[in-house]
Amino acid sequence: MTKFKDQNIEVGITPSQTVGPFFAYGLTPKGRCEWDPNGQYSWKETIGDNLITPDASGDRIRVEGTVYDGDGVPVNDAMIEIWQADSQGRYAHPRDGKALPNATFKGFGRSATDKNGVYGFETIKPGAVAGPNGKMQAPHIVVCVFSRGMLRQIYTRLYFAGEAANAADPILNLVPADRRGTLIAAKESKGGQTVYRFDIRVQGGNETVFFDI
Amino acid sequence: MSLVYPKESLSAYPKHLSPGYKSTIKRSPSKPLIIVPHTLSELTGPAYGHDAIQENDNDLTKQHKGEPLGERIIVHGHILDEDKRPLPNVLVELWQANSCGRYVHIVDQHPAPLDPNFTGAGRTVTDKEGYYRFITVKPGAYPWGNHKNAWRPNHIHFSFFGHSFLSRLVTQMYFPGDYLFPYDPIFNSVTDEKARQRIVATFDLENTIPDWALCFRFDVVLRGREQTPMEH
Numbered sequence: 001m002t003k004f005k006d007q008n009i010e011v012g013i014t015p016s017q018t019v020g021p022f023f024a025y026g027l028t029p030k031g032r033c034e035w036d037p038n039g040q041y042s043w044k045e046t047i048g049d050n051l052i053t054p055d056a057s058g059d060r061i062r063v064e065g066t067v068y069d070g071d072g073v074p075v076n077d078a079m080i081e082i083w084q085a086d087s088q089g090r091y092a093h094p095r096d097g098k099a100l101p102n103a104t105f106k107g108f109g110r111s112a113t114d115k116n117g118v119y120g121f122e123t124i125k126p127g128a129v130a131g132p133n134g135k136m137q138a139p140h141i142v143v144c145v146f147s148r149g150m151l152r153q154i155y156t157r158l159y160f161a162g163e164a165a166n167a168a169d170p171i172l173n174l175v176p177a178d179r180r181g182t183l184i185a186a187k188e189s190k191g192g193q194t195v196y197r198f199d200i201r202v203q204g205g206n207e208t209v210f211f212d213i
Numbered sequence: 001m002s003l004v005y006p007k008e009s010l011s012a013y014p015k016h017l018s019p020g021y022k023s024t025i026k027r028s029p030s031k032p033l034i035i036v037p038h039t040l041s042e043l044t045g046p047a048y049g050h051d052a053i054q055e056n057d058n059d060l061t062k063q064h065k066g067e068p069l070g071e072r073i074i075v076h077g078h079i080l081d082e083d084k085r086p087l088p089n090v091l092v093e094l095w096q097a098n099s100c101g102r103y104v105h106i107v108d109q110h111p112a113p114l115d116p117n118f119t120g121a122g123r124t125v126t127d128k129e130g131y132y133r134f135i136t137v138k139p140g141a142y143p144w145g146n147h148k149n150a151w152r153p154n155h156i157h158f159s160f161f162g163h164s165f166l167s168r169l170v171t172q173m174y175f176p177g178d179y180l181f182p183y184d185p186i187f188n189s190v191t192d193e194k195a196r197q198r199i200v201a202t203f204d205l206e207n208t209i210p211d212w213a214l215c216f217r218f219d220v221v222l223r224g225r226e227q228t229p230m231e232h
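Respectively, the protein sequence lines represent chains L and A. Read in order, the letters of the first sequence correspond to residues 1 to 213 in our numbering. Read in order, the letters of the second sequence correspond to residues 1 to 232 in our numbering.
Chain A with its partners taken away, still in its complex shape (with noise of 0.2 angstroms):
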């Protein structure tokens, strides 16, 4: 298998300097990426197992003593790379600030309770068919200086691993029909209609399970496809 990375894919990506989120306007490179081919160092990257993940890892809601406030979820997804080929085996990883919006980081202090029963951590390893499945609670809206009266959507940061390194992503997922999609200039930086409603989890009530969790669907995709004769 030969595996290639299109940079064309990246289209759908934010630019590195989009002002509307102001801490983009010092943290972007100024001049150009020097263009370069893919090696072997580019072509591998790191591959963790099963070893790495303990019991619970996945369910945000059995770390504690007690069980977090708030509404209980599923998430679960496949991650595949672009010829929709699923990716077993790689590390997903999670966190998010808990259901009043505030996260356990010690520059996080604004004025929503912590709960003693939610960390907001989880990671997990995909099975044989690319699938990832994780147990936790709906994180809550939290505000943010970037301008007046901003607030960020729910969501939920993710970290995957493909292919190679240059499959690495980091992301967040968001909840369906957001009332603050329209505000949010982290959320907006993917300018595309149709690649911003791939960072949007779908809502899906056959996974639903009655009388306990409400469930959403985010399935991923890495880069990574294989080439075709033509690109020989």
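Chain L extracted, bound-state conformation (with noise of 0.2 angstroms):
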């Protein structure tokens, strides 16, 4: 078998087109879309919405949120990723060069939205990363938004109420002031959880700040 044939590989990259509305089954078959009529299709899942590994320190957190359209209708068949370092602010990943004692956090998740529109992960809370020049970037994840109606995934990020560090975050310092809040998640408990509330407004009034990365 002749496996590569680089003459038929054009110029530029392979455009994006959209994830549409059957993506459940295949990506997030645990996930809260109902995609089997018959009970009869199994499928193992190999990027869930839960995070926490046995040998992962820091403070366990549920991030939750409801993603809304232009008309402020809740949208029940987005896919939410997310990517975040470890409690120390290590990424699971060779450019970041630290040790890593949290062998086995990835810190990367998945989680389909339900028929009312909520995602939710179950996760650490990552500790602060390096930032340009020198600078520490405050607590974060990367947010990386899929669904039906968008032709290309959308980037946003999520900060934590009432982190000191906010008010240095060189990405934060970014994003005009009257839109940072979108960008804050709420601190709130939950049956003695913490839940970190993070609402994503695709379009309008109060629309989410999305990254042009």
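If you're looking for bench data, these hints aren't it; they were derived computationally from the structure. Model, not experiment: these values are computed from the prediction. The hints are all genuine.
Which chain A residues face chain L? A few, computed with CB under 10 angstroms, are given here:
id	residue
1	5
2	18
3	22
4	37
5	43
6	52
7	108
8	157
9	165
10	172
11	173
Cut-off 30 angstroms, straight-line C-alpha distance, at most; resulting in silico cross-link-like pairs (DSS-like, lysine-lysine):
id	chain 1	residue 1	chain 2	residue 2
12	A	31	L	135
13	A	22	A	194
14	L	30	A	22
15	A	7	L	98
16	A	148	A	194
We put the CB at the ideal spot given by N, CA and C, even for glycine.
Using the hints, build the complex out of the two chains.
And the structure:
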């Protein structure tokens, strides 16, 4: 078999297309979209909404929110992916050269919104990570939104309410002050668990800040 | 290796708002996206190994008691970065309609049969040459509600991981010569003709297996390239 055929590869990246409405049985089988009318299809989950590993140190938190469209209607077929550092601010990736005591903590999760447009993750509150020009970034989670009606993913960031470091965060400071609040997750308590609420408004008056990256 | 992710490469992407695809009208940001530098948070990204994958995850014809109905096909290709460097050990996921154009999803209620021998989900990890391969059946076209008499061209949904979270790609692979291309606003949301051809697989006679399955090649280029000395 001839595997490689470089001449077929055009210059340039492969364009994005929408995730569509039917991804759940492939990408989020334990997600909350109902997809299995006959109850006969089983599919092991590769990437789920619980990021906590046995060796993960740090504060256990829940991150939860509702995704809304431009009419304020909950989006019940979105997929949210999050990428974060561990509690000591280290990414499980070769580019972050620091040692990794939380060796099995990957920092990556995926959640489908349910019929009410709600997504959620069980995770660890990340630590501060290095930023541009030797400055530190406040603890944050990179959030990526995919959905029917989105031809390409949109990126945003979740910051934590009450963090003193938010004031000096180099990325937050590039956001107009009157829109910064859309990136700050509110701290709540639910049955003794700390929950950070991060609603995502794709469009409209209080539109979430999205990044051109 | 210090990789960069030039934003100019994204010019091939569809615009967030492409009114021909009606669902984009209420689901696209209306305010300008905020330009920020790439930090460690963007330049790193999830890495997955072989442990996540089970046998037959990449053969959609062997996931049930019997074989699914439809044209058996092979879909294979290489995952590369912008320097054409292969991406080994990266997760590739796919999902698709069955040969009748029906998805195993409660929202898909169009009057075509489900196939008890076909789910339509697959995944694999690329080998050390950045190569992946799936065996499946050719998905059927299906109607959707975007406009009068709207039908999606045959396509397979794909999800890819690359060097970083910026390389993340979800796209659709189409089949060469589809007569529905001119009418599909999702396919045509990629306005540049050359870029659009990059989401169309090529028919691969050389790797077609005689008396068994047609083969299609779908090579994929993800964001990320070496920094040139000029950029330091």
